[in-house]
Amino acid sequence: DTGVSQNPRHKITKRGQNVTFRCDPISEHNRLYWYRQTLGQGPEFLTYFQNEAQLEKSRLLSDRFSAERPKGSFSTLEIQRTEQGDSAMYLCASSLTMNTEAFFGQGTRLTVV
Amino acid sequence: SQELEQSPQSLIVQEGKNLTINCTSSKTLYGLYWYKQKYGEGLIFLMMLQKGGEEKSHEKITAKLDEKKQQSSLHITASQPSHAGIYLCGALISGSARQLTFGSGTQLTVLP
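Chains A and B supply the protein sequences, listed in that same order. Per this note's numbering, the very first residue in the first sequence carries number 1224; after that it's consecutive. Per this note's numbering, the very first residue in the second sequence carries number 14; after that it's consecutive.
Don't take every hint at face value.
To be verified - What follows is a list of derived Cβ distance ranges for each label pair:
| no. | chain 1 | residue 1 | chain 2 | residue 2 | range |
| --- | --- | --- | --- | --- | --- |
| 1 | B | Lys51 | A | Asn1322 | 33 to 41 Å |
| 2 | B | Glu72 | A | Pro1293 | 39 to 47 Å |
| 3 | B | Phe58 | A | Glu1279 | 16 to 24 Å |
| 4 | B | Ser95 | A | Pro1231 | 24 to 32 Å |
| 5 | A | Asn1230 | B | Tyr52 | 14 to 22 Å |
| 6 | B | Tyr52 | A | Gln1307 | 15 to 23 Å |
| 7 | A | Ala1276 | B | Gln93 | 42 to 50 Å |
| 8 | B | Pro94 | A | Ile1235 | 25 to 33 Å |
| 9 | B | Gln15 | A | Gly1308 | 34 to 42 Å |
| 10 | A | Asn1322 | B | Ser70 | 16 to 24 Å |
| 11 | B | Ile57 | A | Pro1293 | 26 to 34 Å |
| 12 | A | Asn1230 | B | Ser107 | 32 to 40 Å |
Treat the hints as calculated values from the structure; they're not laboratory data. None of these values were measured; they are calculated from a predicted model. Cβ coordinates follow ideal geometry from the N, Cα and C atoms, glycine included.
When you get a sec, could you build the whole thing from the sequences and use the hints?
Okay, structure coming up:
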């Protein structure tokens, strides 16, 4: 499968714990995006990378959130001290350039209890 | 996102009927993307439109972009149960043109 891959698919964690998600984009795609989606809503932009550089962060990305793409390939999204409001589907997407098709992974569903 | 409005929010049609979903931007559009999503899953790319007047088709799904109206429509001909799901429009819009802004989606149910 050469699509965007996200792990894990599901994560249940206790409030206050840290969690980390991984995204493997389509090979050779320079741009990688993280989105968050809650029930009944469209995805909301969190951050994006051009190769290894994090070029933009949404104000939704509080200081408890951090994302990396160390070698310009896979990316990780970490949430520290999780809160119940962090419960959502976290989606990763990649594209070759800005104006080309963006393909999404299957998402990681986070439940904070 | 209020910047991108989708209508209707939900739609129930009988199998075989045609339907249209609209997506309207309050800001200048630089590109419009349509996706389909099954509940609890990721987004499946359908089509991308970049030029005013552009129209693309894939199987029984056709999408058009009206740049002047800052609007796109997705039309499904002779709907089938396999078309059921959530349809999302995403756009590159002025002020945030480096990432997609999404509408809240249209939930489509096709009755057999």
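A quick look at each hint next to the structure:
no.: 1; hint: Lys51(B) with Asn1322(A): 33 to 41 Å; verdict: violated, 27 Å
no.: 2; hint: Glu72(B) with Pro1293(A): 39 to 47 Å; verdict: holds, 40 Å
no.: 3; hint: Phe58(B) with Glu1279(A): 16 to 24 Å; verdict: holds, 22 Å
no.: 4; hint: Ser95(B) with Pro1231(A): 24 to 32 Å; verdict: holds, 28 Å
no.: 5; hint: Asn1230(A) with Tyr52(B): 14 to 22 Å; verdict: holds, 20 Å
no.: 6; hint: Tyr52(B) with Gln1307(A): 15 to 23 Å; verdict: holds, 21 Å
no.: 7; hint: Ala1276(A) with Gln93(B): 42 to 50 Å; verdict: holds, 44 Å
no.: 8; hint: Pro94(B) with Ile1235(A): 25 to 33 Å; verdict: holds, 32 Å
no.: 9; hint: Gln15(B) with Gly1308(A): 34 to 42 Å; verdict: violated, 21 Å
no.: 10; hint: Asn1322(A) with Ser70(B): 16 to 24 Å; verdict: holds, 21 Å
no.: 11; hint: Ile57(B) with Pro1293(A): 26 to 34 Å; verdict: holds, 29 Å
no.: 12; hint: Asn1230(A) with Ser107(B): 32 to 40 Å; verdict: holds, 35 Å
Violated hints, in rising order: 1, 9; the structure is consistent with all others.
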